[in-house]
Structures are given as C-alpha cells and as structure tokens.
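Colleague: Residues per chain, in single letters:
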Amino acid sequence: MSSRDSSVGTGWFGPFGGRFVPETLIEPLRALEAAYADARRDAAFQKELARELASYVGRPTPLTYAERLSQETGLRVWLKREDLTHTGAHKINNTVGQVLLARRMGKKRVIAETGAGQHGVATAAAAARHGLPCAVYMGVEDMARQAPNVGRMRFLGASVVPVESGSRTLKDATSQALRAWSADSRDTFYVLGSALGPHPYPTMVRDFQSVIGREARAQFLREEGRLPDEVVACVGGGSNSIGIFTAFLKDPGVRLTGVEAGGLGVRTGRHAARFAGGRPGVLHGTRTYLLQDAHGQVLPTHSVSAGLDYPAVGPEHAQLRRLGRARYASATDEEALAAARALGRLEGILPALESAHALAYVLRERRRLGRGARLIVNLSGRGDKDLATLLR
Amino acid sequence: MKKTLAQVLSERRALGRAGFVPFLVAGDPSPKATLAAARELARAGADILEIGVPFSDPVADGPVIQAAGGRSLSRGMSISRALDLVGDIVRAEGLPAIVFTYLNPVLSLGKDEFARRCARAGAAGALVVDLPAEDAAPLSRALGRRGVELVLLASPTTTDARLRLIGRLSGSIVYYVSREGVTGARADLAPGLARRLERVRRLAGKPLIVGFGVADGAQARALAPHSDGVVVGSALVAAAAKAGASRAPRAVGALARRLVRALEVAC
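These protein sequence lines map, in sequence, to chains A and B.
Just remember that our numbering sits 5 ahead of the position in the first sequence, which is counted from 1.
Numbering-wise, our numbering puts 57 at position 64 of the second sequence, and it's gapless, one number per residue.
Mixed in with the good hints, there may be bad ones.
Far from chain A by the CB rule (all over 10 Å, computed), these chain B residues [stated by the list, open to error]: (1) ARG6; (2) LEU8; (3) LEU28; (4) GLY38; (5) PRO56; (6) ARG113; (7) ARG195; (8) ARG240; (9) ARG254.
Just a sample of chain B residues kept apart from chain A, beta carbon distances all over 12 Å, derived [claimed, not checked]: (10) ARG172; (11) ARG192; (12) LEU196; (13) ASP209.
Derived Cβ-Cβ restraints for the label pairs, each shown as a range [stated by the list, open to error]: (14) A:GLU77 / B:ALA130: 53 to 59 Å; (15) B:ASP81 / A:MET110: 45 to 51 Å; (16) A:ALA39 / B:ARG32: 26 to 32 Å; (17) A:LYS255 / B:LYS(-5): 53 to 59 Å; (18) A:ALA36 / B:GLY198: 44 to 50 Å; (19) B:GLY137 / A:GLY19: 41 to 47 Å; (20) A:PRO167 / B:GLY69: 26 to 32 Å; (21) B:GLY103 / A:ARG346: 42 to 48 Å; (22) A:ALA39 / B:GLY237: 27 to 33 Å; (23) A:GLY329 / B:ALA236: 45 to 51 Å; (24) A:GLY329 / B:GLY103: 25 to 31 Å; (25) A:GLY19 / B:GLY103: 16 to 22 Å; (26) B:GLU191 / A:ARG275: 50 to 56 Å; (27) B:LEU162 / A:MET110: 42 to 48 Å.
Just so you know, the hints here were simulated from the structure itself, not pulled from any lab data.
These numbers come from a predicted model, not from an experiment.
We treat Cβ as the ideally placed atom computed from N, Cα and C, and that holds for glycine.
Could you put the whole structure together from the sequences, leaning on the hints where they help?
Modeller: Written out as structure tokens, the structure reads:
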C-alpha cells in the first residue's frame, strides 16, 4: 500500500486487510482515502455529521435494560437500541457519513450493495436527503426474502438493480457494485455497507459506526457505575460489531464477543461462520477469513438472515481474533429465530434476525456467562423485514 | 532461452502487424473444447494465448466471461487443472501463454507453487488481475526465479507516477485496460485512446498489449498502429458460446481470422 503515513491508517490490521482490487479501482480508492482523511480532520465536516446523527438519525440511541430477559437468564442484559435509528438499523450511521463525503467530493450519484436491504434503505434515505441519485445492487434471492426493504428503497427514490449472477445474494451484489463503480468512478461514489472491502472502507466504516460503542460505554457507566463484563454483537461483514467493540478495545476487563451465522449448523457446511469454517483468503479487495474450497473458490453460504449471509468477515475482526482481544462464536438459524421470539415475548421488541444471533448466544451461554454478569447486546436492527419468516 | 513476450511482439511487428492475443477461459465448457479453440486460434495466427483461470467471484469481468467461468467451474475446473491445461496447450501449439487469474486461487495454491506450476506448464507470463503493483513484488520474484514474467495492468485511471511504477515492476510488457469497467465487447473504442496509449507507453517504458472491450475487426484495426498487441476476450468467448459446443472451434477460428486480417491491414 502506498499510504502508510495517512491519518486513516495503512489499511492493514496485522496480516489482514489491504487493497486487492483491479488497477482501475486503485486511483478511485486513493482519492477516497485522501478525501476521507481530509474530512476526518475537518471540524466543519464532523460538526455536520454530528448534527445529522442527532437530528436525522435520532442519536443517541437508548441503552435499554431488558428486565424480564435478565430475570429469565439470571444476567443483567442491556440492549443498545440501534433498531430505533431512522430506517431501523445501525447502517444509517455509516451511510450518512459516506453520503456527506460523496457530496464533499462532488460526486453526482451513489451506488451501494445490500443483503438484508438495511444498508440499501439507509443509503437510499441519505442519498435522497442530499439530492443524489442512488442505485442499489441486490441479489434476487435477497430481493425475494427481504421484499419489504425493496419497496422501501424504491419509495425513497432509489433504483434497485437485481443481481442474477452467482449465489444471487450479498456476495454477488457486492461484486456487481464494484464492477459498476469501476465503470464510472469519476462521478459515482460507492457507499460500501460493512467494515469490509478494500482500504479505506474497513477503517472508514468502523469510524462512522464507532459512535455506537462511544455512546454505549458512556451510557453503561452512567447506569451501572462500572464497565460491562461482556459486549456481544452479531458479525456479518462486521460493522455493527466493530462499531460497538471499538470503544471498549482498551478496557481489558470487557470481553468482546462476535456471533456469526451458524446456519443449519457448522458441521452441515451450510452456514456463514467464517472463523469456524474458513481460512485466510482475498475477496472483494481484502485479505481476511473466507469460506472457500481447497482450490480457493469462494463457497456458497447459508443463513436465515440475509445480512449475515456473506463468505468473508471484516479484516479488523480477523486481527482482533488473532490477538485474542475478541472471541467469535456462532448461533444457528433455529437459535436465532427462538431468540427473536423470546425478545418479542419478554421485552416487546421485534429484533432483526441478524441481531437475534447475538441474543441467541446470550440465551445459550447464560450459565457459562455467570449469574449476574453484566452484558451489553448490540440490537443492531429491527425485524419488521423478517416478520414473515418469524410468523411462519 | 525462451523469448520474452516483448520479443515475441517485436518479431511480429517486424513481420508487418500488431500481435494478436486471444483470451480463453480454461475449461469453457470443457478442457477438450479449450484445446480445440486454442488450435483454431493458433492456426488463425495468434501470437500469444491468454488463458483465464475461472474464479467464483470475478469482479473484473463482465457477463460473458463470468458465464464462461461458471460453465467451467461447474464441471470441476480448478487453478491446478487450469495450469495443467495451459501446459497441454503450450505443448500442442508451441505458442507463448499468459495465465490470467484472480489472487485468491493463487494464494490457495501458494505463490511459490503457483510459480512452479506456471513454469512447468511452459507459461511465458502470469497476470493476477486483483494484485496491485505495490503488493506484487513477492510474486514477481517467485515467478522471475522460474523464468515466468509477471504482467501488470495499467488503466485509464492510472496516474503518471503509477505508470512509471507499473512499467518498472512489470515483466517485458504492460497490459493496458483500454477503458474503465469490466471485460466485455463494446461497440466503440474509448475516445482519445490513441493519444493515451502513446503516453502510457512512454511513461511505462515497455510495449503494450491492449484489451478490455475490443469486439471486432474495425476496433482491432483502429488499435493496431498504437499498440504492440491487441487482446480479444469476450468477443471470442461469446462467439464460441453462441455457436454451441460442436461448432465453437469453427466460429472462434473465423472470428480470429477476421481479427488477424484487420491487424495486418492496419500496419
């Protein structure tokens, strides 16, 4: 990488990360890196971002004590309520930041990939607010299983581009968005949705999402007068989890746990548990843990939640795991569905199936976590989009 | 001593035309079909064969080559088998070959093993489309030790400073991506291409092969005076797919002969 001294880091997290893209995208990524480094230092940009987060996104989001869930589990469980943001998931924290940056760079349109549709909706919303045309690439399988979000994107003025290639899910939507960007990088800004992809995306997305952890840490200290024992978040690409973990990285007493999609069970091969079933490789511009066959072909994934159904994990998570600073577990489809139903019954909250994986881990491991353990679970999104699956 | 790719192209230029560099996907739809197509291309006058290793997530490729890769992978093609097939083609046709691949299969094989297998196949060069110049040195050394050139890409978005870097790190030639976007035949050449090619050649300091978007004889003819070799991929792959398995070699051969004639006329 050419940018080791840049204020946005090198793009490397130990042996993970990098910028492995075709030559056509190298310059656009360097321009993005420079523009982001400049914006990050600019007080006016930060002020505008803070104002948007407060007045449009609805931040700070509450930290809710889950009274009945706590009684049932013998724990003290707090929920970071990203489901209460505008558009209903943490994704909007990042899209507001990137769309402000797109406008600052003078771009004429934005594109995005989406899996569950939450990032697509959040991009469509931010683009509409800033008057930028928006196209969202989405696999046709995801369009079918997350139909409400397709409608929401269209309502917000975005065009949804069906992706028919490969597995027809997030992976292929991401490939198609990269192709579209390489065809028109001069006028187009690519709003990437997770802490993934080539440098500077993993760093930039982490920065935009780290507001989750900053708020949660301060809120928890205020409520409990101490730090939590453990912070739990689901990990697809890993943006909600890196967003809440970052504020706690220097608190060695706080365990950080990421929960991947165990699908039908890691042993069945039908899952998206990259740490359990993958090994390091390169996909979509970054070196990280990747589900792949013996010949380096990327394997199909399975999860009931479209947002976790992706074969690679954000490179910073790979490094946190390598350093032992975060641990990674998985929860199956069944466990996630049961956890979502439990949260509805006990707390009157309908969580996204993605976020339900983090809850499922807590329900399953409650004995091991120890009676009275204090936890924050990142409730990364709301589950309206998943209602049909949950009622089935 | 094996000729460098630059020598192959300059000898062709001395004989009065730009080099013809057709591209095939290994194993599309079968290894036998690839061998048959390579034979037709050699007969038609190909100077260098570019042979693609199929990958599950080809972000630099348009729909035609994506589909070709899918056909190949669904019948069990892998980087290891593709390199065996390159070896068969090089032995059968005696033409220099460039292995075109994405990075992940190379990492999976291991870069030293990849280099060893390229050399064993008799490949003249290797091109890893998502490996940027800054990160290419270890692979370049591994290949170089075994007499295989690393071929680096330059594109319309590449800055002057990077063109110099790419020129320095690439083997004997540079592959110029003639327009932004992915592979795939287009109806026209990118505007201002001729002037850009002169600048790229000057800054990179090496002969250029030019590809991404060359569809027909007219385009090849327009490019020929400004490049040392013209790469044609999607148009050939599409012609083969459209003709169907039994007629594919003939269709590929016919298109290749038209392209070669266009390159001759232009010089």
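Colleague: Going back to the hint list, which numbers does this structure go against?
Modeller: Numbers 5, 10, 16, 18, 19, 22, 23 and 27, in rising order.
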